[in-house]
Amino acid sequence: MNQPVLGLFKYVDSMVEAAVSMKDTGYTVTVFSPIPLGVELDPVVMRPNYIRYFALFGAFIGLIFGVVLALGTAALYVLPRGGLPIWPVTPTLLLAYESIILCGVIWTLIGFFIIARKPNFGKQIYDPKLSLDSFGLLVEDIREDKVEEVERLLEGFGADEVNRVEKS
Amino acid sequence: MKRRDFLKFIGAGGIGTGLGILFGQAIKPPGSKLIPYLIPPEDVIPGLANWYASLCTQCSAGCGVLVKVMDGRAKKVEGNPLHPVSNGKLCVRGQSGVQTLYNPDRITGPMKRKGARGSNSFEPISWDEAIREVSGKLKELSSKGEAEKLYLLSSSLGGHLGMLADDFMAGFGSSNSIKYDLFDNRNLRYANKSTMGLDAIPHYDIENTQYLLSFGADFASTWLSPVALSRGYGEMRQGGHSARGKFVQVEPRLSLTAANADDWVPAKPGTEAILALAIAREIVESGHYKGSDVSAWKSLLAPFGRTYAAGVTDVDKGKIRTIAKEFMNARPSLAIGGESISGYSNGVSGLVAINILNHVAGNLGIEGGVQPNSSDLFAGRRADRVGPGIDALIKAANGSGIGLLLHYNNNPAFTTPGSAHAVEAIKNVPYIASFSSFMDETTALADIILPSHTSFEDWGDDFTDPAPGFQVATLMQPVVSPVFKTRSLGDTIIGLGKGVGGAAAAKMPEGTYAEHLKDSWSGLYTRNKAMNASELTFERFWRDTLAKGGWWKESKPKMSKLKVSARSAARHISKEPAKFEGDNSQYPLYLIPYAQAGHLDGRGANVPWLQELPDPITSVVWGSWVEINPKTASRLGVKMGDMVEIESPYGKILSPVFVYEGIRPDTVAVPIGQGHKLYGRYAENRGANPLEVLPPTVDSRTGAYALNSTRVRIVKTGRPGDLVKMDVSTDELGRNIVQTVPPGGAPHKDTSHH
Amino acid sequence: MDNISYNEINDDVVRTMTKTTWKYWALLIFCASMAGVLWFGAWAYQIYAGQGVTGLNTPTFWGIYLANFVFWIGISHSGTLLSAILFITATPWRRSIYRSAEAITFFSVLTAAVFIFVHMGRPWNFYWTMPYFTTRELWVNFTSPIMFDVFAISTYMTSSVIFLYFGSIPDLAAVRDKVTGWRKPVYTYLSLGWRGTDAEWHWLSKSYTFFAVFIIPLAVSVHSIVSWDFALSTVPGLNKTIFAPYFVVGAIFSGTAAIVTLMACYRKAMKVEKYITLMHFDKLCMLLLVMSLLWSYINVVEVFSGWYANTSAENETLMYRMFMKPHAYMYWLMILTNSILPLLFIFKSLRRSIFICIIVSIGINVGMWIERYLIVATSLPRKFLPNMWHDYIPSLIEISMTIGSIFFFVMLFLIFVKLWPSISIYEVKEDIGIPMRKGFKRH
Amino acid sequence: MSGILTRLKDKLASYRVPGYRTKFDYKWTMVVDLDRCNGCEACVVACYAENNLPVVGKRDCDISRRFSWIRIERYVEGTYPDVKVKFIPIMCQHCDAAPCEIGCPVYATYHNQDGLNVQVYNRCVGTFTCATYCTYDVRRFNWFTYKWDAPLEQQLNPDVTVREMGVMEKCTFCIQRIRVAKDTAKDEGRKVQEGDMKTACEQSCPTDAITFGDLNDPHSKVSKLAKSPRRYRLLEELDTDPSVIYLKRVMEDRKGSGHGTSHG
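Residue numbers (our numbering), protein chains in the order written: chain Y, 3 to 170; chain F, 3 to 756; chain W, 1216 to 1658; chain S, 61 to 324.
In isolation and in its complexed conformation, chain Y is listed as follows:
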């Protein structure tokens, strides 16, 4: 059951029209593209931006890390130098600044991996043309009797190729 169908399109507007239609019909659609599609996909899907929370969290962790590292190590080993206070302000801020960025970057990356579920080397629905010049529309949750209808519909929307693909 649930035979997914992947339609490959040459033109984005055809694909979007198809996707909107399929979505409206109640199918689950996934869009594949060789380039990022921004506003064009708005009719199909709108996603919130969760990455920002990771970035903020990372920056916060970095701030704490930097301050604690600078002040903590100085407090552990009280070695006066250059007539400076043991807890100097500027270097601490500087260190915090750098570690905010470092941790921010790392947590953003971690966030991406978590949200986008990468890396993923398992078997997935894919077609090598999707990295070339084809825009793919994967239609899932089709009742078995509707598969052919979906295929037809996709071809009607202008898909160059419509394949039944194995489920991942």
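Since the hints were made in silico from the structure, they are not lab data. Here a beta-carbon is modelled for each residue, glycine too, at the ideal position from N, C-alpha and C. It is possible that part of the hints are untrue.
To be verified - Facing chain S, from chain W, some residues (calculated, C-beta under 8 Å):
id : residue
1  : Gly1265
2  : Gln1266
3  : Thr1273
4  : Gly1336
5  : Asn1356
6  : Ser1359
7  : Tyr1481
8  : Ser1527
9  : Leu1595
10 : Leu1600
Said to hold, decoys possible - Far from chain F, some chain S residues (derived; all Cβ distances over 10 Å):
id : residue
11 : Leu65
12 : Asn98
13 : Asn172
With chain Y fixed as given, assemble chains F, W and S onto it according to the hints.
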């Protein structure tokens, strides 16, 4: 861990250990054996330093030192704080004594010449062989009836070693003991003796003087007793006297000492004596001199008028007057004359003139003036430091008057003018035995070398000359066991004396030199009331003296009166400036060779510390230079670092130029000490020896070579020289690095407002 | 770029990676061996014999190595920083050059980082500068500008690598789909299973924006911090408050120039003229012109502030730098290449002349190297105590390592081109536009 | 609880206030009287002997790699015949606000409890930062592994380490001698007193130009000398707060110039 594993482990470990021991045996150098510190040598605690009091022999000043010894090795030399000469201080050369001791270029044992003479090719022999061979040669000489043809050439041998050498020579039947050092103050001794009747060099009390007028005495680095005099200088400046002493230096070149003077008077070279006499005349004419023989002085000094002197000396008339006024008004004041003035062809005149100056100003025999040193510790039995000069030896050698030459610790091949041809003369000697510790130019001429200890391995003593106003006897004791197969010179002499037999053997003491030294001190103790009053028994006295580093009276004796008579002075002064070889038109520049702080007469050149010590004035390291006034340099078209030829009628040397504001435009100065052809890896083929271009001018009265006695010309070579100086810029650029206050000015005020 | 098809782009980029001529190999081997001998051979000798084989001396403890370090850090500034700024501002001409530019960043930071170890007296103890738990019970001194450096540069290197890799993921997937043989598994793993779904693109672009946002202040801070290595000292000539902006501007200046040089060579060698067009050079040269004017302004400010202070130390350093041989030659050459020659870019025709671009950009890099060299080599020899002044003459070892580092950098870039999609495939596609039925739609 | 808080507060205050250095056990200070100093360089050789300074040879001297921790600088002013040469011994100034200490990333140089600027050779990684920041150019670097020709190595002072290639070094105020004095004093249950120890340069100085002691002790010689109206410190305008105090040289101004005298 299981028990079986443990046993295996032990087994493996055991085998490993066994193999390790076997391997260790196999790679061990032959003869090496570990001696545990279970029963350590007496008074050696590993890791703790022992300090031994001894004597510094790097120059003839006779500073008492303390040597830091750890685990049997000498680590550092410091001044002996109890010693009245060093006062706990020490100069650059003295502190380098450890590097003399551990110098990698020392002669490691007795050697016999293998190749041609002077080719520096020797083969090692045993001490017995060496003593036997030299004794044999001596006996041969003696049996030929030519005992008088034995010559001993050495540096001034202080204390009982000198007396032992004298005994040996006398016993053998020769009186030809030549003491020679380039800077042995012959002229000063002569001048003082002939005008003031002083046997020993007096104490120049810089410490307490109010006005020091120095004629080329570079006491900050080399003159007489630099450590004691420098200490005096420091006290004079800031020692808490009512006023800070003033210091004027007369010298053609701004030496280290002149750099510290309040005023530098660059009189024309060779005319300083006239300047001194002109000042003396001013003083006498002003009525300051109250002696009964004032008329004699007046007439003697009459020719040295201010105008005449100003014309000759290139010193402003007003300046002569000012100096005279200050010199007589500052009480006490002191005039001293150093190497620069005594090095002229009429060196004695200059020094006599200074004695006159001290006399007419009333500085003789007072605190802060010239204080006589007595030499009565031995009641006439004292190794004389001045005798015939090296020129006598050269003459004898050239006339085949020397059958056998014993040589120790000086280097006439380096320290005599090239034109004196000392090397060629010494080569005429049929047999030369040298006791030197280092292979230098003279030692290389020897047929056999019986190397002596350096001072930290040897026994000895010295009776300081010049002393600090009272008698000082310093003991030298071995602080480390000999580094190489060398021997104490005293023991070598005793061995030779016994080997020769006859009268010489009879004069030699029983036992070793160390025992002889103790016996001699026992004699001193018995004779000398001051000594035996202080301690009950000699053993205690000896022990304490060894611990203290020597013996000296604790307080200054009453000063005896000194005077210079106009009659004795008259013989030595003249209106003529000193003579310089070379025609003025061909050789337009006066040459002033001077003793360099680290190397003195060249003996310090094999010490790496001293080679790398920047010259105090020029900051040059590892080489020599010629100081030229910028005006002269630009006229000659040379700049800092250029290689030039310094050419006199007697030869030429190559040296890089050091452009220096502190030298007269008609004068160039070259430091002595570099230019060794042979003196170890650090000294060889480095820089130039200015003595090579000097004329063989000897003062017949004293036997001293006149160092400042030739003119030279500077010839551009167009090549860059190998000048390495540490200062890149000596321009302060107004950065207030060395801040100053004017004397007498309100020092706490900001001085920029005046 | 209108007549390029999507397929063609993939083919072209994969071609740059897979089709290698023997000339390329020869160049790579030459660069590798030169880097090996001139840099690492010399370095090995230096480690064995000691820092004494350099021309460093007592007042001049920092020499050509520090100049190289600053220079390479500077070069790095145009990759990531420029890429990030242009990304944030959505500048379209960024797309075909930014990948190489970011690679330049990574490689030059790497080269710079090695120079830190090269200049150390005991490089085998380099890890002592890292804060980690240790039995020696000594941490690191966070007041030290060197520690700022350690943190800034390691952050910078990490971030740059992430930025570079992250932006390449879709392209790695594209490459994965094209290649065969050993490359297949490599790019499969490198692309992390990228499929190009709408969700992936969404998170990618959101994350990428954050990276860009983080990178911009980071890059600015990195070169400021590098400047503080000097500026926090009291040494006349180094203690300039203007150093931070001066270094940042100089960094962007030299980095852009390096991009121009490298792009000019790259497009020719890889035959990708259709992606890297004269338009790109036009824009980059305009940037160079702006940076040149900015640099000249700050340079004048630096000289004037020193001159206006009128202290002996400042005057002496300026004199030494500007009017005394041999530094005067270098100084005025620097003014020529950095302030005067870039003025040629006022003319559009010259901006579009590859020849002029190469000449001027190489000139700028030489000039910027001289700038860094002069900062170190004319300030330290003229410190406060004139007695201790001493000129600095680099030794052959130092010069060899400097030249070797260029070969090392080129070698890394040559390897990069073969292993990595050096032109962003998906973004060039974006550049062409989104295929609609009515034709391409551009943003 | 309040006790802990008070202690924490105290500790925080002590960390924050730069004036902590007044609380050092000792305040080792050197006073150099420039009017006494005659530039003879005995101190330089003393330092070589005490501190195992290597001799680098002519070539390395030429590129200014001489090792002496203490050096005499000389400044010549005027032209013939009105020439003045001024000397100043310069060693590590042991600044209380030392630029070098700020620069070291690994704490190889820091301020110890005696107020000394110390160098930990084992910790040094050789970044040169300290030497670059040093305003007095007193830091020396081990460019090579230096060798002593046998048997010169027998002279090496076992109290002082022979430094390895690649580390920075400088004048320590003869910390090994301070150590001995402190140990002795500790054994006797007292503080180090005046006269317990001398630095090598001070010990050797024939003119007594160098005096070393504890500035915290109001009766020490340095305390008295430090109050001299001639007192100044080298490059004081750089605010490094050196522990070496110089006493101005007493010298006539050169004729017709106010240049070269003190302006501040």
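Structure-based check of all given hints:
Annotation: Gly1265 (chain W) was flagged as interfacial toward chain S, and the flag holds, the nearest CB pair being 4 Å apart, inside 8 Å. For the restraint placing Gln1266 (chain W) at the interface with chain S, the shortest Cβ-Cβ distance is roughly 5 Å, inside the 8 Å limit, so the hint holds. Restraint check, Thr1273 (chain W) versus chain S: the minimum CB separation of about 4 Å is within 8 Å; hint holds. Taking 8 Å as the C-beta cut-off, the interface hint given for Gly1336 (chain W) holds, the closest approach to chain S being about 2 Å.
Because the smallest distance between the Cβ of Asn1356 (chain W) and any Cβ of chain S comes to about 5 Å, under 8 Å, the interface hint for this residue holds. Among the interface hints, the one on Ser1359 (chain W) holds; its C-beta lies about 4 Å from the nearest C-beta in chain S, closer than the 8 Å criterion. Because the smallest distance between the Cβ of Tyr1481 (chain W) and any Cβ of chain S comes to about 36 Å, over 8 Å, the interface hint for this residue is violated. The interface hint given for Ser1527 (chain W) is broken, as the beta carbon of that residue sits about 11 Å from the closest beta carbon of chain S, more than 8 Å.
Taking 8 Å as the C-beta contact cut-off toward chain S, the hint placing Leu1595 (chain W) at the interface holds, the least distance being around 6 Å. The interface hint given for Leu1600 (chain W) is met, as the beta carbon of that residue sits about 6 Å from the closest beta carbon of chain S, less than 8 Å. Separation of Leu65 (chain S) from chain F is adequate, the least Cβ-Cβ distance of about 48 Å exceeding the 10 Å criterion. Not every Cβ of chain F is farther than 10 Å from the Cβ of Asn98 (chain S); the closest lies at roughly 4 Å, contradicting the non-interface assignment.
The non-interface label for Asn172 (chain S) is consistent with chain F: the shortest C-beta to C-beta separation is roughly 23 Å, beyond 10 Å.
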